[in-house]
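As given, the protein sequences belong to chains A and B, one line each in that order.
Heads up, the first sequence is in this note's numbering, so the first residue is 1 and it goes up one at a time.
Heads up, the second sequence is in this note's numbering, so the first residue is 1001 and it goes up one at a time.
Hint data in this document are derived by calculation from the structure and do not stem from the laboratory.
Note that the Cβ used here is the ideal one computed from N, Cα and C, for glycine as well.
Some hints here could point you the wrong way.
Listed next, with one range per pair, are the computed distances between beta-carbon atoms [claimed, not checked]:
id, chain 1, residue 1, chain 2, residue 2, range
1, A, T187, B, M1048, 45 to 53 Å
2, B, F1015, A, P165, 54 to 62 Å
3, A, D206, B, N1084, 51 to 59 Å
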Amino acid sequence: MRHILLSLSLAIPSATLVGQNPGQKINLDIQLASVNTAADTSGVSYVITNLSSSVEPMWRYFVDAPSGVLRIASPSGTFKWRSDTSFRGQSMARWILTAYLAGGSVTPELHFESVGVPGIVIYWAGGHFQLPSREDELEPDTAALPDPLGAAMITGKTVGVEAWPADRSAQALLARLRSLTLQTCATPLLWITDSTLCTQLVSDVDQAESYRSGGQIASAKSSLEHYRSLLLSGNTAGTVKSSSYWLLKSNSEILDRVM
Amino acid sequence: MQFNTGPTGVDTVTFVAPDPAGPVTVTGTLSGARKGLAKVQVEVKDLMKLPIDPKYDTTGAKPVHPDNHYATQSHIGAVIALANEFWYQFGKKLTFNDSSLELGGLYDVDLGAGGGGYWTYPHRGHRLGQNTDVRTNGLVQEELDFVWDTWEKYGGTVGDETNTSQPHYHLTR
Chain A
1 MRHILLSLSL
11 AIPSATLVGQ
21 NPGQKINLDI
31 QLASVNTAAD
41 TSGVSYVITN
51 LSSSVEPMWR
61 YFVDAPSGVL
71 RIASPSGTFK
81 WRSDTSFRGQ
91 SMARWILTAY
101 LAGGSVTPEL
111 HFESVGVPGI
121 VIYWAGGHFQ
131 LPSREDELEP
141 DTAALPDPLG
151 AAMITGKTVG
161 VEAWPADRSA
171 QALLARLRSL
181 TLQTCATPLL
191 WITDSTLCTQ
201 LVSDVDQAES
211 YRSGGQIASA
221 KSSLEHYRSL
231 LLSGNTAGTV
241 KSSSYWLLKS
251 NSEILDRVM
Chain B
1001 MQFNTGPTGV
1011 DTVTFVAPDP
1021 AGPVTVTGTL
1031 SGARKGLAKV
1041 QVEVKDLMKL
1051 PIDPKYDTTG
1061 AKPVHPDNHY
1071 ATQSHIGAVI
1081 ALANEFWYQF
1091 GKKLTFNDSS
1101 LELGGLYDVD
1111 LGAGGGGYWT
1121 YPHRGHRLGQ
1131 NTDVRTNGLV
1141 QEELDFVWDT
1151 WEKYGGTVGD
1161 ETNTSQPHYH
1171 LTR
């Protein structure tokens, strides 16, 4: 029974057809390819599949980047991409296909770097569609112009880069890791689907904090090492999605450097 | 219109501006008294002209409307930014057709033979300095998508008028 449930959960894509407006008729599977951290900077790479159930080809993918974009790559390969770092005054990592990604096709790695720590952020993705005619419209109140992020794109949560918290102490970062672990185990994310594993992961973080507060840094690091080994085995088993694996692994590695 | 001021000889009237912009003279007459005149300027205030720039072209000026690229400062700034980004991305110029007239108001675009005549067949928009048409002739899909995405980045909307006799994107912001 357990195996059957697991198969079903894996069949559910990470994004669904959430809207029926033009631009929203896409169904994506967004996977984290990697998250790396160095000094005060974090880099995130995504690989996106436009599932064959999509009506529209994928055109754009934006990720909120609250601390700004330090570097962003325009992938090379079969498709030509353009990248950008803001939208309507908001910092974002933006990738725009100059051709479109048909249903069933996969992007190359989309990579960006920001100063900050890996965190849970918002993404937007849009399909390509035929623009409507607007010539016969009276000029609207410009404040009421439709926002394409809400009206013509789907949205959800993914892993990105948040600004460093004001408190960068090991104690604060361990508390943050605990919170992230709980978020990824709970709805609506459910990036970890094994509740027993969730309990073990939280226990490891609590143990690390207990050792740290007692001055036993080596033991605290050992607890985090165990935490990462659980993540890896869960990822291999399919109960830990790539988003949670890379989010939690990278944040625990930052703690290794801080402690 | 006629009205009775009563014994004070004073009353208030409301002037509703017509669609076309420009100077309007309101005349008040009273039997046995001197005629009174009030000059009213009907306009959208503070529209500015799209400056000449080597990174974009303008078109659409006609003898009766030689100045057809007026818009709000915010709109003009976005048009220039779009043209600059396009220039640096593709090394090509965008060509901007009608924005608004110097004072805003109704824009009777379809003048002359085959058209409806003066002030009769306007763009419905292009009155408040928030619309500009950008020509799409000669632009490939990648360039059209760039205009679309970049204009939305600036907070605007894009309408597709490529299936008309004057193929263009209709930019609003």
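To see whether the hints hold, each was checked on the structure:
| no. | hint | in the structure |
| --- | --- | --- |
| 1 | A/T187 - B/M1048: 45 to 53 Å | holds, 52 Å |
| 2 | B/F1015 - A/P165: 54 to 62 Å | holds, 60 Å |
| 3 | A/D206 - B/N1084: 51 to 59 Å | holds, 54 Å |
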